[in-house]
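Could you put together the complete structure from these sequences and hints?
So the sequences go chain by chain: A and B. Residue 341 is where the first sequence ends in this note's numbering, and the numbering goes up by one at each step. Residue 341 is where the second sequence ends in this note's numbering, and the numbering goes up by one at each step.
Be aware that a few hints might be false.
As the list claims (entries may be wrong) - Covered stretches of chain A, as calculated for chain B (at least 3 residues, CB under 8 Å): (1) 80-88; (2) 253-261.
Claimed, not checked - Listed next, the in silico BS3-like pairs over lysine-lysine satisfying Cα-Cα at most 25 Å (straight line): (3) K312/A to K138/A; (4) K119/A to K92/B; (5) K183/B to K119/B; (6) K238/B to K183/B; (7) K5/A to K119/B; (8) K324/B to K238/B; (9) K119/B to K92/A; (10) K119/A to K5/B; (11) K119/A to K119/B; (12) K25/B to K92/B; (13) K239/A to K92/A.
No lab work stands behind these hints: they were computed from the structure. All C-beta atoms, glycine included, are put in the ideal place defined by N, C-alpha and C.
Protein chains: 2
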Amino acid sequence: MITAKALASELGVSIATISRALNGKPGVSPELREKILNEAAERNTYISPAARMLATSRSQNICFAVHHLPGPFNTDPFYFQVLLGLEEEIRKAGLNLTLETIPEEAIANPENWRIVREKRADGIILIGPFIPASFILKLHSIGVPVVLIDNFLERVPVDAVVADDRRGAREVAEHIISLGHSKVAILSGPEDWYSNAERVSGFKDAFKKAGIAEPIVYNADDTTFATGKALFEIASKKKATAYLAVNDAMAMGAMDAANGLGIYIPKDVSITGFDDIDSAANWTVPLTTVQVQKKFIGQAAGRLLWARIDDKIAPRQRVDVGTKLMIRSSTGPIKALKEKK
Amino acid sequence: MITAKALASELGVSIATISRALNGKPGVSPELREKILNEAAERNTYISPAARMLATSRSQNICFAVHHLPGPFNTDPFYFQVLLGLEEEIRKAGLNLTLETIPEEAIANPENWRIVREKRADGIILIGPFIPASFILKLHSIGVPVVLIDNFLERVPVDAVVADDRRGAREVAEHIISLGHSKVAILSGPEDWYSNAERVSGFKDAFKKAGIAEPIVYNADDTTFATGKALFEIASKKKATAYLAVNDAMAMGAMDAANGLGIYIPKDVSITGFDDIDSAANWTVPLTTVQVQKKFIGQAAGRLLWARIDDKIAPRQRVDVGTKLMIRSSTGPIKALKEKK
DNA sequence: AAATCAAAAGTAAGCGTTTACGTACTTTTT
DNA sequence: AAAAAGTACGTAAACGCTTACTTTTGATTT
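The following block contains the structure:
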């Protein structure tokens with residue numbers, strides 16, 4: 001546990017040489033380099049992050065920021081899985097991860113946000129649809145490297161990592177169609193949430209392509225279990241035979257409502273989710289859903305941000321992470337209602 | 001957005017005086033101090049964390065560390081709530097939060113853990129029962145300030161914040177007893193997890209005090225939904241009328257199993273959980289459980305750690321955060337089985 | 001009025017790196 | 001064989017703070 005400086009005097013070399021050797025920079029003979037590297041490992045040598053930061057004005061830190069409203073995290077394990085994937089990636093790269101909630105005051109003035117003002121992070125990852133576009137734009141325009149997750153701004157060239165929502169949505173919808181359902185309802189959250197909108201579009205695409213009447217869309221202000229439950233209670237009055245929810249939490253809420261109403265799944269109606277959160281497979285009736293590779297999203301975001309910081313990439317990047325249809329027990333072929341029982 | 005140094009030259013004062021003023025240290029006249037503070041606010045002055053860190057060897061950073069196994073987080077929203085409480089507290093104190101998973105190599109050699117070696121954090125918060133005691137002990141013995149959450153070591157004087165598990169457990173158990181149940185089963189996780197053991201003890205205490213035969217304990221290797229489900233399927237053969245689960249996830253699993261077995265809640269059996277995670281209240285049958293103030297635990301841990309870092313506290317501290325019995329619909333008075341239907 | 005003391009402000013060393021530049025030495029080119 | 005070009009390493013400035021120590025200033029005591 002000694003500093004590079006101490007190593008230098010122990011070895012009788014200049015600190016400059018140590019720095020070059022430890023950082024893999026040219027200007028050190030192979031023999032000396034090896035000697036230094038060996039001794040460094042031996043003595044458990046480390047480079048003071050503070051000193052390096054001061055000298056290079058790079059913090060080696062990545063910031064993961066959530067909107068200060070605790071909402072999304074409380075209800076959605078999705079983001080946390082992403083966070084874990086990111087942590088892994090970040091650590092592999094020798095960086096650090098700091099977690100921040102964006103304080104209210106910072107929304108209007110990003111340059112007043114401590115992490116920005118003090119340059120505590122080399123880049124920021126912004127997750128979720130809750131973050132105001134104006135804030136993202138400002139952050140971007142003052143030169144802070146930013147990567148968005150589960151969000152996308154058409155008009156501002158900010159990098160983003162999203163699930164391939166549209167495609168995934170089309171696939172579940174096609175699955176439902178192939179089971180013979182034609183009277184279908186969509187359980188949706190706010191229309192202006194990027195991934196929510198994409199998913200709804202994807203659902204509709206499938207029906208358009210199949211030449212079937214578009215499903216009715218039920219919108220709500222959020223995408224929680226409770227909302228899914230409430231929405232199903234309303235929607236079920238119209239006697240659709242299948243319900244496409246924009247995420248698993250809502251689908252589960254819907255199933256719970258169905259249970260309460262004496263509607264059987266998948267005998268009476270089919271229900272699908274999106275995300276494939278952990279509990280989806282273990283649910284009373286295992287949920288047919290679209291698997292999103294959460295960890296992978298986190299990893300991709302980490303790599304993207306790092307490349308952006310190093311200015312190693314072209315204009316604006318957008319990564320679409322593939323999805324996978326998971327057919328389980330909450331969907332089944334349609335039966336005319338009279339056949340029931 | 002200027003540094004303290006720049007402020008100094010703008011104001012024609014020495015950087016030392018700026019430092020004293022900005023840090024609220026004595027040695028500056030009230031008038032000058034006010035002038036500096038005003039100007040600092042005006043010009044959006046900041047102190048370079050790198051420079052400060054280098055000069056003081058304090059990082060102003062708190063590390064929140066989870067065992068590298070992603071397990072607990074995937075299944076348990078509990079920890080994440082704690083994390084949010086902590087973030088809030090940390091930010092209020094002007095500190096930063098970094099998130100780490102403890103890498104495998106660090107378990108045996110904490111001093112090789114990057115965050116320790118490079119002193120990237122002034123203190124570490126360790127959450128969960130998964131972290132080996134030997135690791136905690138080593139960390140503590142090399143002088144790293146540590147606070148445990150949801151864990152406690154009898155023999156090592158490390159600070160800890162825990163829910164008042166025993167008391168909370170006693171209370172639900174008393175509730176169950178008051179409803180007339182005497183044939184009761186406990187659905188438990190590993191016996192060597194601190195909070196698990198405390199809860200089980202709490203349950204038993206209540207029965208002992210009431211002079212009723214102790215419940216049978218069913219142990220499993222983890223405390224997930226799936227495990228709760230599996231455990232109930234086994235346990236229910238013995239026809240207990242009430243089931244005390246050590247956390248909500250297990251209780252929900254048990255309820256799901258009951259549902260599958262045609263056992264009605266609370267008509268046929270009563271089931272209780274522990275933690276009061278968000279979904280508990282929204283469950284098909286709202287769950288009677290013990291509310292644990294997760295955010296508060298995070299806050300308490302933050303405060304405790306900060307006090308420890310500043311050496312402002314006595315020997316070993318242990319904070320027991322109060323709990324609250326939430327009686328909902330999953331528990332009801334006992335009925336002889338024959339009365340059923 | 002001289003001596004003493006306290007408070008306010010400045011000076012400068014130090015924290016541990018990185019990196020532009022300089023120097024010594026070796027190799028290549030002509 | 002001299003000049004040019006590389007290579008390996010060292011020197012020192014810079015990064016922006018904190019803090020022990022010194023100097024200056026002004027008030028208090030005698």
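What hints, given by number in increasing order, does this structure fail? 5, 8, 13
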